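Q: Could you put the whole structure together from the sequences, leaning on the hints where they help?
Residue numbers (my numbering): 23 to 565.
Derived from the structure by calculation, the hints contain no laboratory data.
Possibly wrong hints are sitting among the right ones.
[What the hints assert, rightly or not] DEER-style ranges, computed between Cβ atoms:
hint: 1; residue 1: His469; residue 2: His386; range: 27 to 35 Å
hint: 2; residue 1: Asn476; residue 2: Tyr504; range: 22 to 30 Å
hint: 3; residue 1: Ser464; residue 2: Lys221; range: 52 to 60 Å
Only a predicted model underlies this, so the values are computations on that prediction, with no experimental measurement involved.
We treat Cβ as the ideally placed atom computed from N, Cα and C, and that holds for glycine.
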Amino acid sequence: MAVSSFARAFPSFECRSDPDFSRPEIPPAGCGGGFSGKSQSAILRGGAAAHGLSSLILRFPPNFVRQLSNKARRNCSNIGVAQVVAASWSNNQGASGSTPAAKAVDAALAAVAPVEIETGVDDVVPAAEDPSPNAENVQPEGLPPFKYASFLNSDGSVAIHAGERLGRGIVTDAITTPVVNTSAYFFKKTADLIDFKEKRSTSFEYGRYGNYTTVVAEEKISALEGAESTILMASGMCVSTVMLMALVPAGGHLVTTTDCYRKTRVFIENFLPKMGITATVIDPADIGGLESALENNNVALFFTESPTNPFLRCVDIEKVSKLCHAKGALVCIDGTFATPLNQKALALGADIVVQSATKYIGGHNDVLAGSISGPEKLISAVRNLHHVLGGALNPNAAYLIIRGMKTLHLRIQQQNSTAQRMAEILEAHPKISRVYYPGLASHPEHHLAKKQMNGFGGVVSFEVDGDLLITAKFVDALRIPYIAPSFGGCESIVDQPAIMSYWDLSPSERAKYGIMDNLVRFSFGVEDFEDLKADILQALEKI
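A: This is how it looks when you write it as structure tokens:
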């Protein structure tokens, strides 16, 4: 009965598919006037039931709300009222209220005063007004930066709520951020396109230049790193290579360290020279070598990991930043082994920090991604080259990054704890000849790590008392960890670098990089500590 009454009231209503249907200009009779626009208040058009609407059950196609204009959804917190309003004007946009039922709805809504309901959230930046008729395509980074209120005091809370709780570029009342699967963004008319081209309005325009889901993940990482801006790319190596090409000029010079991810070294040694870029390689602790390189070369960039891969060496970020800045050189720290929770490289003085988000940030061994964070001026230079080269992150991958970051602080706490305890056990074991972990007093940069890190990470490297085959026997005897070339996920992972990463080199060539046949890199997941301990000790008993 209710449905048939609705059909008589709106005899010709149907969900329209043409672009004009979602235009933001809603006639005043429907949803005009009376909205305060304050972010800390929810504006509800109450009292509709008192005007004869309580018995009306409105049923719309499933995609109707998605087609409703952004402005209608922003201004009408009660989506049921928004549906009534849209129905009243979508049938007769030029003559609102042409049917008796539509006139009744318009009159009812026009008579209701706005009701402000306090939410209790302070210090929230008001939403920006629509700058143009093409406002649905506004790029979030063009809006004022969000100010995180006092209730987001810890990194754990920031990782969960940054980019989402206080507003996001996607208009939705869903708790989780939707995945925006689109390759391009449309303009309603040519005038809107010209406004965009002449910078009177903003838009991502094309999928390679940005995505609303990805922006949420980028804002989370920026908040954790303490950065003005972040770019997410398709992988950690994509970030590193684009950064190096964007910030080191042709014919320029950079300084890096001996211990680093092998593919990064390959790019620096084999590809950058094709652009005339040369490099000085120093030990992570060789401050004198850095000073010499800065004095004898026009250094554009110092790039290192801290901790490094796989020996977990630590660089004095504060000291090297002061030295480099005095000579006009930039400092970029790859903080993948630390994460933004264990180390704040930017606060220590670095200009840029990169992360392989594939590892701890994603945290579930199910996504490839890389991030670069820093001041907007430097990140813009990287972004310009990134837009040319491609390497855009798929929005579904961005969603997995967002999802993974919700548990980042819990995972890191567990992994820090397990790695520290196991490093101590391994160091005392007679079948282990050496352990590399910044949390151990025996580590060469232990005191530095304590000064600049909040925790020492979930990866422990160690040398088994044996040769290549005995070490492989130990690895094969393990039952919990997977033999795989990654780290930082929920599942524990183990690898023998001589085989996993350097098998194409001879033993003597591997030794140049410190990679011995008995070296093991163990990434502790979030499994129970006692289970992991028992598994490792039992495997050692078998060699």
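Q: All the hints need checking, so say for each whether the structure fits it.
A: Hints and how they fare:
Distance hint check: the CB atoms of His469 and His386 are about 34 Å apart, consistent with the given range 27 to 35 Å. At roughly 28 Å, the beta carbons of Asn476 and Tyr504 sit within the given window of 22 to 30 Å. For the pair Ser464 and Lys221, the beta carbons lie near 57 Å from each other, so the given range of 52 to 60 Å is met.
The structure meets every hint from the earlier list without exception.
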